[in-house]
Amino acid sequence: MTSPRMFLRAKMCERIRILLFIVATVVATLFVGCRANKTYPARPITLLCPWAVGGGTDRVSRQLAAFLEHELGVPVNVVNATGGAGVTGHSRGAGAAPDGYTVTMMTVELNMLHWRELTNISWDDFTPVALLNRDPAALFVRADESRWQSAGDVIESARSSGVSLTASGTAVGGIWHLALGGMLNRAGVSPTAVKWVPAGGAGPALQELASGGVDLVVCSLPEARTLLVGGKVRALGVMADERIAGYADVPTIKEQGVDWSIGGWRGLGVPKGTPPEAVEKLSRAVERITSGQTTLNNSRFSDYMANEGFNLSWQPPAEFRATLAETDDKFGALLKAREFASVNTSAFTPMKFPALLFAALGLTLAALFVSSYREKIFGGKSAASSSITPDENLDANGGRAGGKVTREGLLHFAEFVLAVALFAVLAETVGFILTAGVFLFLLLIRMGTRASVSALVTLLLVPAVYSFFGTLMRVPLARGLFGW
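Numbering of the sequence shown is given in my numbering, commencing with residue 10 and proceeding in unit increments.
To be clear, the hints were calculated from the coordinates, so they are not data collected in a lab.
Certain hints may be false.
As the list claims (entries may be wrong) - Estimated spans, in silico, between C-beta atoms of each pair:
1) Ala106 to Asn129: 18 to 26 Å
2) Val462 to Pro84: 24 to 32 Å
3) Gly239 to Asp162: 54 to 62 Å
4) Ala152 to Asp268: 22 to 30 Å
What the hints assert, rightly or not - As a list, the in silico DSS-like pairs of lysine-lysine whose alpha-carbon atoms are at most 27 Å apart:
5) Lys263 to Lys345
6) Lys339 to Lys281
7) Lys339 to Lys204
8) Lys241 to Lys204
Please read these numbers as outputs of a predicted model, since none were measured by experiment.
All C-beta atoms, glycine included, are put in the ideal place defined by N, C-alpha and C.
Modelling step: build the complete structure from the supplied sequences, incorporating the hints.
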């Protein structure tokens with residue numbers, strides 16, 4: 010005869026089996042549904058912009074997104090992933106799922122960041138989709154600035170040791186910083202003669218210039234167009250071989266006696282490994298948009314670019330890839346030159362942290378090994394001379410506690426290694442904060458910490474680590490589903 014306890018246990022097992030069957034069926038249905046719909050795109054696309062709202066890259070991104078929505082038939086959402094001199098946006102784009110649903114508005118900084126050791130990603134971590142435009146650098150001052158009427162006046166002020174100048178336009182070591190440093194260097198003036206004030210893009214820098222926060226701004230002419238037309242700023246010169254269409258009254262720096270030209274580019278890329286059919290569809294859509302075949306509210310993308318003064322320089326994936334490789338080599342040689350060392354950040358960059366952490370781990374393991382070895386050699390003598398009784402010197406498993414490796418210690422170490430491995434697998438999908446929080450909480454519980462204390466430590470420590478490394482030190486951390 011079946012006892013009531015056994016009957017209840019059987020019923021519970023039956024319910025669990027039914028629940029597991031339902032869950033498995035739902036999951037299988039989801040997978041089948043995902044695989045059945047092979048038409049790309051089938052859901053919204055994210056367009057990552059590595060620079061701040063209001064700048065040239067942001068404006069081009071938002072205008073292009075509107076045309077892409079019309080061309081592809083799905084929403085295209087622009088997300089400004091700013092910070093770290095462009096590291097945050099480009100790293101997030103390169104590390105996204107290679108499914109065609111995360112597109113990055115790549116900028117020329119991608120050819121510079123890895124040379125400056127700010128990140129280990131480069132253009133080769135992306136599959137190029139299309140080059141959009143190129144823009145030369147230009148030098149701006151406030152409209153009411155009476156000290157400087159030409160680029161030569163600025164150079165002479167920088168040459169004078171009694172004049173302190175500040176400039177902005179992008180992050181330290183970015184393309185516009187390099188443009189100013191190159192102009193000064195070509196004129197025989199140290200690039201450090203003008204103090205560079207970092208900014209999240211041309212938009213914030215120009216606002217700072219208009220309000221009197223800095224003396225100079227270097228950016229492209231289209232980025233400053235609104236303030237230029239509004240009479241808030243003046244362009245002293247453009248760093249190009251010839252004057253720019255739409256800005257014929259702005260002389261080149263070359264005309265003013267300094268043979269220097271440099272500029273940036275913008276283009277679309279997707280993570281390496283994205284299906285070729287998705288890349289091809291995106292590339293064809295961009296080609297139709299840039300060539301004027303796609304219209305939106307009776308206007309074309311090329312009309313917007315022309316009205317804003319942005320150059321259009323469309324290239325398909327293969328040509329864009331060649332351009333990326335050529336530009337990367339050029340900036341690599343430039344940034345490694347002694348003359349431009351001063352426009353870089355310090356030698357202690359975020360990419361040094363992994364090496365430091367591995368070095369610290371190696372030293373810790375070495376110390377444990379030495380400690381264990383010394384205990385093995387001198388353990389007997391130490392035990393004999395120690396005032397600790399034999400019973401006190403035993404661990405929970407009946408072995409010598411000292412520095413010897415125990416079964417329980419190996420188990421804890423295996424758990425730690427497994428947690429690190431799972432974190433590495435899940436973090437990119439789930440996000441740093443959620444993954445780190447869950448694993449830290451579980452490890453604290455496993456160590457015997459009370460649940461309330463574990464929760465408090467997790468809530469305080471994980472966001473603090475994220476803020477320090479992700480924001481202050483510019484280390485690109487996994488953002489996952491929710492962007493954090």
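Taking the hints in turn, this is what the structure says about them:
1. Ala106 to Asn129: 18 to 26 Å: For Asn129 against Ala106, whose Cβ atoms are near 19 Å apart, the range 18 to 26 Å holds.
2. Val462 to Pro84: 24 to 32 Å: violated (44 Å)
3. Gly239 to Asp162: 54 to 62 Å: violated (23 Å)
4. Ala152 to Asp268: 22 to 30 Å: holds (28 Å)
5. Lys263 to Lys345: At roughly 24 Å apart (the allowed maximum being 27 Å), Lys345 and Lys263 satisfy the hint.
6. Lys339 to Lys281: It holds: about 23 Å lies between the C-alpha atoms, which stays within 27 Å.
7. Lys339 to Lys204: Judged against 27 Å, a Cα distance of about 25 Å means the pair holds.
8. Lys241 to Lys204: Distance of about 22 Å is within 27 Å: holds.
Violation of the numbered hints given earlier is confined to hints 2, 3; the remaining hints are satisfied by the structure.
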